[in-house]
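Asks: Start from chain P and add chains F and D according to the hints.
Chains as they are written, first to last, in my numbering: chain P, 1 to 371; chain F, 1 to 180; chain D, 1 to 702.
Careful, some of the hints might be misleading.
Beta-carbon label-pair distances, calculated as ranges [as the list claims (entries may be wrong)]:
#, chain 1, residue 1, chain 2, residue 2, range
1, P, Val48, F, Gly140, 52 to 58 Å
2, P, Gly135, D, Asp610, 49 to 55 Å
3, D, Glu13, P, Glu100, 36 to 42 Å
4, F, Gly140, D, Glu640, 53 to 59 Å
5, P, Gly281, D, Arg80, 55 to 61 Å
Since the hints were made in silico from the structure, they are not lab data.
Think of the CB as a built atom: it goes at the ideal place given N, C-alpha and C, for glycine as much as any other residue.
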Amino acid sequence: MNFFSLEKSFYSRASMYSFIVILFLFITMFFGTNQFKHIDLALSGYMVAAAVCFIGLVYRIVAFAMRPATRRVDGRSRKNLKNKARKRRTWKAITVTLFENIVLQKFIFKRGLYRGIQHLLVAYGCIGSFIITFGLVFGWFHFELVDPNHYAVSVLGLKTFVMDVEGWPAFMIYNGLNWTAAMCLIGLSMMFYRRIKDRDLQVTQRFEFDLVPLFILLAVTLTGLALTMSAVLFHGTLYMTISMIHQLTVITLLIYFPFGKLFHFPLRPLATAVPLNYQVGEDIPMHSCKRCGTSYAAQEQIEDVVSILQDNSFDLQLEDGSYLAEYCWDCRRKLRAMRQMNMLNPRTKDPYAPIDTNTGISMPGFSKKKA
Amino acid sequence: MDRVLYLEFERCIGCRACQAACRECGGHDAKERNYVEYIDFMESRQTFPMMCMHCKDPACARVCPANAIQITKDGVVLSAMEEKCIGCRNCTFGCPFGIPKFDFEKNIMYKCDMCYERTSQDISPMCASVCPSEAIRFIGFEEMMELRRKRAQSNLLQGKKPTEQNKWNFVPETFGVYTE
Amino acid sequence: MATETKNLHRKGESFIPTHCSYCGMQCGMNVRIDDATGRVVGIEPRYEWPVNQGRLCPKGVTAYQQVEHPDRILRPLIKRDGKFIEASWEEAYDLIERKFKEIAATYGKDAVGVYGGVSMTNEKCYLVGKYARVGLGTKHIDYNGRYCMSSAAGGFNATLGMDRGSTLPWTDLLHSDCFFLAGSNTAECHPTSITWFWRGRDRGAKLIVADPRETPTARIADVHLDLKPGTDSALANGIAHILIKEGYVDNEYVVQRVNGFEDLEKMVGKFTPEYTSWLTGVAQEKIIKAAHIYGKAKKSVVMFARGVEQQRKGVDNVGSYTNLALIRGQIGKFASGVATFTGQGNGQGGREHGQKADLLPGYRKLTDPEAVQYISQVWGIDPAEMPGPGVSAYEMLDSIHQGTVRAMHVICSNPAVSSPNAHHVWKALEKLDFLVVNDFFLSETAEFADVVLPTTTWAEDEGTTTNTEGRVIKINQIRKPAGESKPDWRILSEIATRMGRGKYFKYGNAEEIFNELRVASRGGKADYYGITYEKIEKQQGVFWPCPDLEHPGTPYVYQDSFPTPDGKANLRIVDWQEAGEIQSKEFPEILTTGRVVFHYLSGNQTRRIDFLMEKCPEPYAEMHPEMASKYNLQDGEEVELETRRAKMKLKVRLTKAIRKDTVFVPYHWGKQLSVNQLTNPCLDPVSRMPEFKVCAVRLRKS
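Here chain P stands alone, though its shape is the one from the complex (with noise of 0.2 Å):
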């Protein structure tokens, strides 16, 4: 079946990626549970809020790939990707952004190593909460007793490894989620120290958007380890207060998440695009200054641009039917100095030709005729 007609059976193209997501959830979810037999009701409320937060996030990624400049981008990708004779450019990209940017996330270490510590502590925290938490709401895996001693994990029904329950694999995963909210908290710890801290960053962060995200995080590692603090050293004291606090906060978090300042985590492999199509090389061709004669950027990024621009209505057209993108930044400049000048050549109105010169002449100062 054509995918375009599949489309035209919904509303729009994200209630349809909606659907087939949710569709996926359940699926998984049904070989888990063993046939919905062992859903765990206690964590029924995280799993309408991951549902939510599952639409919200495939709402949100679609309407961006609809924005001209993500179309654009994105189309590039898929294109290149297909391309055979890039096929060595393309591995690499993936591979060295996947590596590099992702996973090691070296561009925020170059912002800074405190900047980097910080972030990659909260980065990991969190995507490793998700795990478990998801793994364990939607039954994705769960553990057996095999015999007393011996637990097995199960991952979507299957049967994987067995393990001691009192080994030290048993006792990291147990408390897994206590690991990944420790680093949450000393990650979020540097975050406030520095927001309170630097006197620059004060001056352009907004609180909905910079300071929450960080409160409600907060509020999710706080309530999750007073939840371990509960059970191990109070004997569980306040436990169900405490967890159905924590279950409010998991759900504001969940909820929140496509719509805040936490969405530019599903955007982060779109910078596989740079390398992939634009970063500049020897085997791609290059765009020169259509004044100056300088290479300043790939051909197909230059085009690119161009068409993202006639797509959002932008008339940057010369007399001459070059575009603005198609000069480099200094030509650009100057370009739009000299026009306001009226230094541009005024017989030729040709955007290549040397400025009119004032030695000699001298242009008039300020709109005024000379003496």
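Replies: Only chains F and D this time, still in chain P's reference frame:
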């Protein structure tokens, strides 16, 4: 904010005090975000300062695949949001004025934010405060219109009303954050 | 024009209003300090200061970076085996005391020379003179202003009878109808004054610029007189010729207030446009046009700077340009007159109070017995003790070769970069038996020193300076001295004490010195008696002369008469004279030197500021492409410049905005990058100013 940045290129003496001052602004990380350049040093010593126009519908934001360029409620077009910017540099190519700068080290775009720390409190930005030649001024909208009318003779505004999309061709040395 | 202006106050910081450390504009600025640490963290515009209204040049914006700079010298340095070793103040003073006493005992007191500077407060400049004459008892005292303002001083003294750089406040420029700028690239050298010219232009004022280069100032000019370097007196005479011929002379003014008009008329008779054009290389019609514009203007200002002054005819040039203002009857009136742009921060004040070889405080002459009597009484010494006049800066350095000067104390100056014929000067500095240098960065001169004493920057001490207008202003202390550094006045007083003259140098703070200066200047031409720190604060600066405490100061001078014996100004009658060195077959081109906007003087301060170094890291040879073609040079290639004294290599920078026979090189670098290796030490007979602006040069592609 009811004041605008007004540029008059002919006045520029090329001292680059605006660039030195830009480094002093809060949040600028000691990097200047504006430009002072020679038109053509071989021909004349004419220089010009260049700052962001703070477009209402900025081309840089439109060409950004990550939607990382935001506009404040005062109309200031900010640098790319650090968490979103993927470092594709589309903005540097799309901007009709060649304004956004790119930090290859940190893999992020940065640009003139009209000294947001200052202008958000209606304080003149550093570049306009220090400019010794008054090539850069931070003035009221009315005063700007007055100066513009004086210059109308040399301008290209001839019966046509510029729009946000093609003001490049028309509106000369005026820009800034203002409402009509 | 003035829209409402506010400052940004950041939490945990405060401002202290003060002035810039650099040029004679002395722009007002607020320096930001961190309240917790007391460290200088930045600047904030000082909108309320009338001269610059918050505006600053790139040097001003980054000036604060000197204070906390890692290159600061924080402890005294003593040179042992060719290397500087940190020492205590006691050790340094012990050595200085021993050496100075030794040399004075063997060769006489005059064998110790003092070389001052004027990039420091009036208090310090005043004390340098007293230190030399009372503390060390030497006649060998001169200062770096000899390379800066001495020709203007000589010219003004001769024509107007008094040396105040400007006859009008700068804020008046807004109302002038015509500016005649000669040898001044004010856009780059005094950038904040450009506002006043541009605002004048907005009102329709005309601008005439005489400069071999089409500088950013000349770019907007109505007439740019692109004269050959060293031909200023001819150009001025040529303009005077047309003014007289076309009836632009203010006859009433000339009869009442000016001497020598007939002689001038006779002299300039031959300076027809043809002749002037032939001498100066400026097109006849431009000269005629300039003369008509200047002649027609009701309120006009003639202004000049080092371009005309740093020549062997510097005094004559100043005099001939001043003639123009005099015959047009412009001096002593609103928004009109004559002015010179002061190069150094305190170039005006620093030359008034006895730092010059032949002057005593208050612009008194050392050759005048009454003046010696008065100052001796103020200082409490026997008039017989007062040393006689010494020699000028370059001559003092030169006399080291003859063994006249054996030891030297250099304060706030860098003659190793700023003196002409640098190789000769470097050899002299090497030859010195003992050299003490006061500085806060290790300058090229300090590298020759035996002892370097760490001084404070301008932000770590208070005092007054006198700006280019003649306005006495107050520099405020921003923070306590860094490390073990001390203000110069304290160092000088302590050395004087070591020399057994402590009773004449009992100062607790800068204001005590200023109060002594007030008394010392009382009754002199530069009378500061009525100026107090409070008055400066209250009035936003006080223009001298200000003879008593009730006097408000004198923004306009010469309104009624000139301070000459007969109350009339004297026109300076100057016949044509060639520059010290003219083009020849061997040396066919002209070399001229100057400033760039990013650097100040010898560059010892500005070459350490990142922003300024990024924008202008090294000197270059600016020339016309036509000249470059003669030597097969391309933009960016290396060229070897050679004069009769030395040669050096520089990168070529091509522009059509310069005369075809002139090479321009900025002078802010030391050692092998110093263009003063090439410049001519030919001195003006009156002001002893070396001819930095003209010498013959040959080029070779390297």
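Asks: For the range 53 to 59 Å, tell me whether the beta carbons of F/Gly140 and D/Glu640 fit it or not.
Replies: Holds, at about 55 Å.
Asks: Could one say that the CB atoms of D/Glu13 and P/Glu100 fall in the range 36 to 42 Å?
Replies: 40 Å, holds
Asks: Given a hint of 49 to 55 Å, does the C-beta separation of P/Gly135 and D/Asp610 actually sit inside it?
Replies: Distance hint for P/Gly135, D/Asp610 holds at roughly 53 Å.
Asks: Take a look at whether the Cβ-Cβ distance between P/Gly281 and D/Arg80 falls inside 55 to 61 Å.
Replies: 57 Å, holds
Asks: Could you see if the CB distance from P/Val48 to F/Gly140 stays within 52 to 58 Å?
Replies: Roughly 54 Å apart at Cβ, these two residues keep to the hinted range, so it holds.
Checked against the numbered hints listed earlier, the structure breaks none of them; every hint is satisfied.
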